[in-house]
Amino acid sequence: MYCIKSVSGLMDIFIFGYISIDIFWPEISGWYMMSQEKDGFAVVVEGLVKRYGRVVAVDGVSFRVGYGEVFGFLGPNGAGKTTTIHVLATLLRPDGGRVLVAGRDVVRDPVGVRRSIGVVFQDPSLDGELSGWENLYLHGRIYGLRGRVLEERIEEMLRFVELWEYRDRLVKHYSGGMRRRLEIARALLHRPRILFLDEPTLGLDPQTRAHIWDYIRKLRGEMGVTVFLTTHYMEEAEALCDRIAIIDHGKIIAEGTPDELKKMAGNDIVYLKIREAKPGVCGFFEDLVMECKELPGGRVALKVKDAVKALPRILLRARDRGLDVLEASYHRPSLNDVFLLLTGREIREEGPMDMIRAMVMSRRWRR
Amino acid sequence: MSEALDALIVMAYRQLKRFRRGRARLVSSVVNPIIWIVFFGLGWSNVFNFPMARAIFGGLDYLSFLTPGVVAMSVFTASFIGGITVIWDKQFGFLKEVLVAPAPRWATILGRIIGDSLIAVLQGLIILGLSFLVAHSLNPWGVPASMFYMLILSLAFTGVGVSLALKITSMEAFQMIISFLMLPLVFLSGAFYPLKYMPDWMKIIAYVNPLTYTVDGIRYWLTGVSTFNPLLDLAVLAGLAAIALVAAARLFSKTTLD
Numbered sequence: 032m033y034c035i036k037s038v039s040g041l042m043d044i045f046i047f048g049y050i051s052i053d054i055f056w057p058e059i060s061g062w063y064m065m066s067q068e069k070d071g072f073a074v075v076v077e078g079l080v081k082r083y084g085r086v087v088a089v090d091g092v093s094f095r096v097g098y099g100e101v102f103g104f105l106g107p108n109g110a111g112k113t114t115t116i117h118v119l120a121t122l123l124r125p126d127g128g129r130v131l132v133a134g135r136d137v138v139r140d141p142v143g144v145r146r147s148i149g150v151v152f153q154d155p156s157l158d159g160e161l162s163g164w165e166n167l168y169l170h171g172r173i174y175g176l177r178g179r180v181l182e183e184r185i186e187e188m189l190r191f192v193e194l195w196e197y198r199d200r201l202v203k204h205y206s207g208g209m210r211r212r213l214e215i216a217r218a219l220l221h222r223p224r225i226l227f228l229d230e231p232t233l234g235l236d237p238q239t240r241a242h243i244w245d246y247i248r249k250l251r252g253e254m255g256v257t258v259f260l261t262t263h264y265m266e267e268a269e270a271l272c273d274r275i276a277i278i279d280h281g282k283i284i285a286e287g288t289p290d291e292l293k294k295m296a297g298n299d300i301v302y303l304k305i306r307e308a309k310p311g312v313c314g315f316f317e318d319l320v321m322e323c324k325e326l327p328g329g330r331v332a333l334k335v336k337d338a339v340k341a342l343p344r345i346l347l348r349a350r351d352r353g354l355d356v357l358e359a360s361y362h363r364p365s366l367n368d369v370f371l372l373l374t375g376r377e378i379r380e381e382g383p384m385d386m387i388r389a390m391v392m393s394r395r396w397r398r
Numbered sequence: 092m093s094e095a096l097d098a099l100i101v102m103a104y105r106q107l108k109r110f111r112r113g114r115a116r117l118v119s120s121v122v123n124p125i126i127w128i129v130f131f132g133l134g135w136s137n138v139f140n141f142p143m144a145r146a147i148f149g150g151l152d153y154l155s156f157l158t159p160g161v162v163a164m165s166v167f168t169a170s171f172i173g174g175i176t177v178i179w180d181k182q183f184g185f186l187k188e189v190l191v192a193p194a195p196r197w198a199t200i201l202g203r204i205i206g207d208s209l210i211a212v213l214q215g216l217i218i219l220g221l222s223f224l225v226a227h228s229l230n231p232w233g234v235p236a237s238m239f240y241m242l243i244l245s246l247a248f249t250g251v252g253v254s255l256a257l258k259i260t261s262m263e264a265f266q267m268i269i270s271f272l273m274l275p276l277v278f279l280s281g282a283f284y285p286l287k288y289m290p291d292w293m294k295i296i297a298y299v300n301p302l303t304y305t306v307d308g309i310r311y312w313l314t315g316v317s318t319f320n321p322l323l324d325l326a327v328l329a330g331l332a333a334i335a336l337v338a339a340a341r342l343f344s345k346t347t348l349d
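These protein sequences, in sequence, are chains A and B. Each residue of the first sequence is one higher than the one before, starting from 32 at the first, in this note's numbering. Each residue of the second sequence is one higher than the one before, starting from 92 at the first, in this note's numbering.
Just to be clear, a hint being listed does not mean it is correct.
With a Cα cut of at most 27 Å, we get these calculated DSS-like pairs of lysine-lysine [to be verified]: (1) A:K203 x B:K108; (2) A:K304 x A:K336; (3) A:K309 x A:K294; (4) A:K203 x B:K181; (5) B:K187 x B:K258; (6) B:K294 x B:K187; (7) A:K304 x A:K249; (8) A:K203 x B:K294; (9) A:K282 x A:K249; (10) B:K258 x A:K282; (11) A:K282 x A:K304; (12) A:K282 x A:K294; (13) B:K345 x B:K287; (14) B:K187 x A:K249; (15) A:K309 x A:K282.
Calculated directly from the structure, the hints in this document are not laboratory data.
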C-alpha cells in the first residue's frame, strides 16, 4: 500500500505536479524549489529534554524530519507532543539537547527559525474581534508583507481554505472548523518552508476533518511544504504521514512509516468463509500462507505477510480446488495494536471515558 | 528596520480597530469620569461657593480645579486597563501568534502600547470636551499641550500595565492590583484636593506618585495654576514612560510559554 502511494506521489511531483505547478502556481514553484534542500533536514532534534518543575514532559527525544516530508507525532494526551511543538516553534526553551529547525538553532537563532515556520496551535490564537481578512492582514504585515502582494496572498489563502466568502465576518462568529481553517490559511500566508500543526483536527466534525486532511495533502503535494503534525488520532497519522514517531510519557517508543510500524504488531490475517467446508481445507493453502487455522462455521484464518497481495492468490487457489468462497475479509494490525503492544495500553480516544482514563494515566505517571 | 516599523504600525492599528468595534469599552471608560465630574464635582462646587473658597484652589472655582484632574484620571485608568488587556490576549491565545512571529518583539509590543495610548488620549479628550461645558476657567489654548502630557502619561501607564500583565497570570490578581493601586493613586494625585493641605505622610506619597505630576501639568496648561514647574512635570512623566517602555519591551522579548 505504502509503496504504491509513495511512488505515485513521486510521479505526481516529478511529472504532473511539476508541470501543473509551473502553470497554475507560478509563484509557488519557486517557493517549492527553494524548500528542496539537497542535504540537511527540516527538523533535527537530538536528546531534547523539557521539564516543568519536577515533571519531565519531554525526556530525551531525538528525530529528524526531511524537507518535503509529512512527519507525525502520535501519542495519547499528555505524552509531550505539544511541549515538543512549542520548543520547535521557539516558544519554550529546551532544558537539554539540541534542536535545529530549517538549519537554525531554536535557542541561538529563534528569529531565524521563526522566519521559516508557520504554526497552527492546538488552542485558537485568532483575534475574535477582527474579521477573517483582517486577521490575515495583521499577520501579513507583522511578517513584513504589504500592498498588493499581501492582498493577493490573502485572497489566495482564503480561497484555499474556502473562507473567501466569509472574509468580512468577525472571527468570533466563525464556527470551530472555520477558525481552524483560517488558522491554517494564516500560518501559510508568509509561505513558510515548515508548517507545524498541533492536533489540527481536534474536536472537529468528520466533514471538516476530511477538508483539513485534503489541505494537508495539497500542501505536501502542490506546495512542497514540510509538515510536522501531532495527533492522537491513529487514522489521521496513518492517512497523512510519511513517517510517524509514537510518543508516550515524553519518549519516542517507535518510529517509522505507517507500514513499518504496523508490521511490528504482527502479520495480516485473511478470513474466508467457505460453503460446506471440510476438514483439511488448510492443506490447500500451505505454500501461500505462513499459518492456517480452521475455525468453526466454515471459517478459515490465514496468516499472511501482506493481505492485499495474498488475497487474490488465495481466492484463485480456492477456485482451483473447487471451494465455494462465500465471504473474504482481512485484518491488518492498526497503529493502535502497535501502541498496545509497546505500552500495554490503548491510544484510542473518542468518548469521555477514554479522556478520563488518559488523565488518570498521566497523573499516575507524574507521581 | 522597515519590517519592525511595519509590525509596530499594524499592532497599533489592531488596537484601534478593536477599540472601534468594542463600543462598550468606550462607554464604560467615559461614564466613570462623567460620574466624578457630575456627582462629585457639581456637588462640591456648591459647597465651595463661599467668598474665600477660591483661595483654597489657587483662585479657581472648584470645577475648573477638578476637571483637569479627572481628565488625567481617565487617561490614567484607560491606559492602565488597556495595557493589562494583554492578559486577555494570553487567555484567548492571540499572544502566541505575536510571539511566534519573526518581527522584533520590542516593535510589536511598542506598537500595541502606542495604539492603546492613542485610545486613552482620545477618551481623555472626550472628558476634556465635556469639562468645558461645566468648568468656566479652562483655557482652550492649553488643550494641545495637555494632550501631549496625556500622551506621555498614557505611554507610561500602558507600559506599566503591559509589564504587569506579562507577569500576571490570573484575572483575579489583576482585580486586586486595580483596587489596591488605582484608586489610592488617583486620590493621592491632587486631582480632588490641593496637595498643600494634605497631611505630611500623604504628601510624601503624592510626591512619588507619577499621577501627581500629570494632574499638575495638565492643570497648569488648562488653568495656569500649578504646584510644580510644568517642565518638571513633563520630565518626571517622560522618565517614567522611558522606564516603563524599556521594561515592557525587555519583558516581552524574554516571554516564553513557560
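- Query: Can you list which hints this structure breaks, lowest number first?
  - Reply: 3, 6, 7, 8, 9, 10, 11, 13, 15
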